[in-house]
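Each residue of the sequence shown is one higher than the one before, counting from 1315 in my numbering.
In case anyone wonders, no lab produced these hints; they're calculated from the structure. For every residue, glycine included, the Cβ atom is placed at its ideal position computed from N, Cα and C. A portion of the hints provided could be inaccurate.
Derived CB-CB ranges, DEER-like [what the hints assert, rightly or not]: (1) K1367 x D1492: 35 to 43 Å; (2) F1496 x K1349: 17 to 25 Å; (3) T1351 x F1496: 52 to 60 Å; (4) L1454 x S1489: 36 to 44 Å; (5) I1522 x N1382: 52 to 60 Å; (6) S1317 x G1361: 48 to 56 Å.
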Amino acid sequence: MDSIKQLFYTRNINETTATLDEEESRHLTLSLRKKETETVFFTDGKGSVYSGKIGKNNLKNKAVVLENVQIIEFKPHTKPKTGIAISPIKNVDRFEWFIEKATELGVKHIYPIVCDRTEKTNIRLDRMEKICISAMKQCLNSWQPIISAPKSFKEFLQEDLSFEQKIIAHCEETSKSDLLDFLLPNKSTLILIGPEGDFTSAEISAAIKKDFSPASLGDFRLRTETAGVYCATIMNAFLK
């Protein structure tokens, strides 16, 4: 993908054509001022990158149709599966910043979890997905992270989570290891990050009973969104 400078997104792909939605079409025509028959590159967010040519006489349409569509690359996941389960925070802008950076750093699954001390319990899933798509295109990634619908912490622990390493990062002064000391590089990994007031003792105990290992993220207390980006960075760097 070294020669690709701009990546669009659509799931509306047929055998030889693809249709961009209104927002993507407006960006293509008004911001970038693309011309008829120009080649456009786009992804379905599932690992594939396609090329297509802007069809004639449809640049004024709200949904631009691309013709002669061909798949030019499929990029499989090369690293173990990664997930971050994180509490939404009151400052929406900061939480959206985390979503953006986690996408850029290749986190594959994001799970919003509502904990006992979570202050903001409702988030717009459609808004989070748009941020993921925008960040994915910006860094020329062809994999869109999966964002699950928010669940209570208790409900989340009941899920059948197929991760080989499960970690809960918390600030309580209890026995725990530094994240870097026991993170194995070839294992799928899920990390839990609590709200701004941290997990409760009961939540930490419940997670440990579900085979989550307690971990420290260092000597300083991090904001929730900073802890999320820190964990995303560590997983991107160390999981091979």
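Do the hints match the structure? See the list:
1. K1367 x D1492: 35 to 43 Å: This hint is violated: roughly 53 Å between Cβ atoms.
2. F1496 x K1349: 17 to 25 Å: Cβ of F1496 to Cβ of K1349: about 55 Å, so the range 17 to 25 Å is violated.
3. T1351 x F1496: 52 to 60 Å: holds, 55 Å
4. L1454 x S1489: 36 to 44 Å: holds, 43 Å
5. I1522 x N1382: 52 to 60 Å: holds, 56 Å
6. S1317 x G1361: 48 to 56 Å: Violated: the Cβ-Cβ distance is about 19 Å, outside 48 to 56 Å.
The structure is inconsistent with the numbered hints 1, 2, 6, although it conforms to all the rest.
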